[in-house]
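**Q** Can you make the complete structure from the sequences, with help from the hints?
Protein chains in written order, with our numbering: chain A, 17 to 132; chain B, 128 to 240.
The hints are all genuine.
Just so you have them, the derived chain A footprint on chain B, three or more residues with Cβ under 8 Å: (1) 168-182; (2) 231-237.
A few chain A residues facing chain B, derived, Cβ under 10 Å: (3) Gln54; (4) Leu60; (5) Glu75; (6) Phe107; (7) Gln121; (8) Tyr122; (9) Gly124; (10) Arg128.
Hints are computed from structural coordinates only; laboratory data are not their basis.
Note that this is a predicted model, so its numbers are computed, not measured.
Cβ coordinates follow ideal geometry from the N, Cα and C atoms, glycine included.
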Amino acid sequence: GAVVSQHPSWVICKSGTSVKIECRSLDFQATTMFWYRQFPKQSLMLMATSNEGSKATYEQGVEKDKFLINHASLTLSTLTVTSAHPEDSSFYICSGGPRERSYEQYFGPGTRLTVT
Amino acid sequence: DAKTTQPPSMDCAEGRAANLPCNHSTISGNEYVYWYRQIHSQGPQYIIHGLKNNETNEMASLIITEDRKSSTLILPHATLRDTAVYYCIVRPNSGGSNYKLTFGKGTLLTVNP
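**A** This is the structure in structure tokens:
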């Protein structure tokens, strides 16, 4: 299957600072990528759909000004958690699929964010 | 997307077949059944998907009932590394935001030595 990478794999930041998480498709081009959040012992919750060259689409209840998404190229989407608070501590996962077969979704390994 | 129902947990002995059921009684005609799994602290991994015919790949087999209201994922020879949460998801194979996956709670499969 196709490969999706995320960087960093884990990050600790202080409350009030911003953190950027990168999601890269290594061997395919993706016009659409998805960002999920997962709290301990819970399932993945879709946060937003990242569209190359256009604005992201956010799920209900997700603050677009707090979770900034940029999809500047067909292989890179970034999620920036602005003014992070301890309640933003979570496991963030991205996914994407080849644009010619977008129904195939491949997931990154996830980024563990801890806000102190 | 159609809702799915899975048992919260199952146990399986190493080397035996693991049969994970999924109920999707409200599935639409254009919706596929997808299975993903998530090993602890990792991103989900695609396993298999199907529309109405049974499917098999190197990881698993997918058996879909004739009325498509339920399916079973079969891991023929479970190993300890198959311990994970298994998610059954239904969605259309059409474009745009329909590609997004809506995850339920899944089934925690524990493979025991």
